[in-house]
Amino acid sequence: MLQLRGLSLTAGGFRLGDISFAIPAGAYGVVIGPAGAGKTTLLEAIAGLRSGVQGSVAIGGEDVSRLPPEARSVGLVYQHAHLFPHLSVAANVAYGTTGEAGLREATALLARFGVSELAERRIGSLSGGERQLVALARALARRPRLLLLDEPFGALDPGRRRGVRAAVRALQREWALTTLHVTHDFAEADVLGDVLVVLEGGRVRQVGEPAEVFSRPASAALAGFLGAENVLAGVVRDGEGSSYLVGVSASSSVPSPDRLPTESRLLSVDVGPLLMHAVGDRAAGPVHVVVRASDIVLERPMSAGEVHHSTSARNVFPARVAGRSSVGPVTEVMLDVNGVSLVAALTTRSAEELELAEGDEVLASVKALAVHLC
Amino acid sequence: MRATASRPIGATRSFGRAAVATVVAACLGSALLLFIAAPLLRLTMEGGVAGVRGLLGDDAELRASLVMTVATATAASVIGALSGTPIAWLLARRRFRGRALLSSLFDLPLLLPHPVAGIALLLVLGRDTVAGGTLLAAGLRVVGSPLGIIAAMLFVSVPLYVSGATEAFARVDPRLEGVARTLGDSPWRAFRRVTLPLAGRGLMASAIVMWARAVSEFGAIVILAYNPKVASVLSFDRFTTYGLPGALPVAAVLVLLALGPLVALRSLRTTAGVEY
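Here the protein sequences line up with chains A and B, keeping their order.
With positions in the first sequence counted from 1, the corresponding number in this note's numbering is that position plus 70.
With positions in the second sequence counted from 1, the corresponding number in this note's numbering is that position plus 282.
If you are wondering where the hints come from, they were derived from the structure by calculation, not from laboratory data.
No residue lacks a Cβ here, since even glycine has one placed at the ideal position from N, Cα and C.
Accuracy of the hints is not assured; some may be wrong.
[Said to hold, decoys possible] On the chain B side, residues computed to face chain A include the following (Cβ under 8 Å): (1) V412; (2) L417; (3) L418; (4) R463; (5) T464; (6) G466.
[Stated by the list, open to error] Here are some chain B residues pointing at chain A (derived, C-beta under 10 Å): (7) A402; (8) R457; (9) E459.
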């Protein structure tokens with residue numbers, strides 16, 4: 071387990087402030103944040119490579135805050151591998167090990183990552199991807215209690231990235247190795263993470279399961295950073311709504327009932343000329359409405375001007391297609407909903423079947439449960 | 283009407299300017315090369331044979347001065363490398379109050395006229411000074427002794443080592459040391475296993491430059507220890523006593539001696555693939 075309590079550090083003009091979160095034993099934690107958020111600094115502070123760190127770092131229940139890096143049992147992989155250029159690949163991987171057992175472990179790890187043939191090569195002759203694999207093997211060869219990964223897959227081509235990601239995740243599960251992985255890749259965070267930590271401006275902005283964080287970001291700024299396509303300013307109406315029993319949803323981005331506030335009710339929110347419905351416990355007043363593009367369902371109206379529609383979705387709006395763009399199997403459709411711009415994401419096949427073209431009238435619907443207020 | 287192939291006027295002018303610039307640069311470069319090479323070649327040709335003959339034959343004074351030069355320069359370089367390496371590491375790796383001052387202090391001897399360096403050393407290591415007196419009481423005479431020569435050589439050459447070694451350490455990514463620490467190394471072990479091997483060529487090159495500078499020193503040595511004579515002092519002594527013919531063999535041998543470190547330095551640069 072990794073437990074950070076009030077971790078703070080000033081480096082140059084940058085301040086990492088009051089960082090507190092926990093990654094359960096054997097879990098895979100992902101720290102996501104924009105460039106300059108302090109992600110690498112955070113990893114170095116945990117590894118003991120930064121001076122002037124305040125607060126506490128506990129690994130496996132032991133407070134290591136006062137221990138030097140060599141006594142923390144941490145494996146660290148930097149974005150650019152940082153292999154020792156004067157040593158061979160095998161010597162790099164075995165660097166932190168001792169004796170025959172260490173060499174065997176190093177050899178086994180190289181084999182596991184499919185790079186045994188590199189063992190005698192010099193570092194200068196390796197590709198970026200090969201370097202990353204060797205750096206991973208080197209960090210793991212000592213069997214650390216905690217693995218720290220700083221964008222370790224950045225140098226790999228997409229095909230190999232998937233394979234290595236899967237290999238690292240499998241090994242992490244097999245060894246029950248607590249891991250903290252820094253990335254700015256949302257897909258990586260979503261696929262790998264048991265716990266997602268959003269770091270921005272040197273502070274933790276949100277911690278939770280990736281699906282939860284992505285669907286229910288804590289602020290509008292965070293929603294924007296996390297790639298939410300529709301972030302709209304709105305006002306919760308006063309005195310409306312009643313105690314509401316939330317149904318279970320199969321959608322991954324819609325929260326299950328136990329994650330909603332206990333006092334949740336159906337709320338009415340004015341978003342410009344639109345009246346939207348959401349589920350939450352917000353008091354009346356200004357909010358930001360976050361709707362994931364993939365939570366918007368499009369359909370052709372049965373007749374021109376149809377608004378009322380037999381559906382369970384609380385939010386149904388007539389909209390006009392303002393444009394569309396396809397990237398492989400996914401098509402984004404830009405909508406004009408009575409002057410409000412929304413983006414819907416659907417499969418390209420659906421878009422083709424609906425024969426959506428610019429200027430077409432459609433019905434856009436969103437479940438109230440998929441409307442997040444922050 | 284006949285069609286003609288033509289080059290744009292702007293391109294022709296630009297080509298012309300580039301050609302003129304190339305010719306001017308080549309002329310200036312050749313003149314400089316001649317300016318450096320001609321005296322050295324002439325000196326070697328005029329005095330080289332006599333110098334080598336004297337060195338191998340009857341010129342015991344020349345032999346003794348050469349041994350003294352090599353021995354004292356080597357001693358100064360060893361002392362400089364041992365004491366300068368930690369300072370260079372400190373300057374490369376740590377940011378602290380007074381760092382700029384410390385760095386400037388180590389550069390200062392490079393800017394001083396060398397007799398001034400000798401005078402400054404005399405003020406600290408002379409017989410009537412605290413340090414000089416203490417050393418003398420301990421049986422270590424500085425003025426007019428090999429110790430004085432080593433002191434003068436160290437003073438004028440160690441800045442070159444500190445500066446070069448600082449650069450060599452700065453070129454080693456500190457994150458490599460950090461990774462070594464996470465892999466179980468203490469700070470000293472990480473330094474020994476990672477930093478030192480990676481900075482090694484740079485440190486060696488800096489030590490060679492320091493040695494070469496020590497061998498060529500004259501001004502500070504002549505103030506602190508005219509005797510025993512190192513080669514540079516001997517060449518001056520013979521020039522003032524016997525004129526140019528007397529100084530030529532010694533001067534030529536010094537030029538030949540300078541070739542050794544030069545070749546070593548070039549070899550280091552080639553194998554390292556980088557310029558120091």
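Hints versus structure:
no., hint, verdict
1, V412, "violated, 39 Å"
2, L417, "violated, 40 Å"
3, L418, "violated, 46 Å"
4, R463, "holds, 4 Å"
5, T464, "holds, 5 Å"
6, G466, "holds, 5 Å"
7, A402, "violated, 38 Å"
8, R457, "holds, 5 Å"
9, E459, "holds, 9 Å"
Hints 1, 2, 3, 7 from the list above are not met by this structure, while the remaining hints are.
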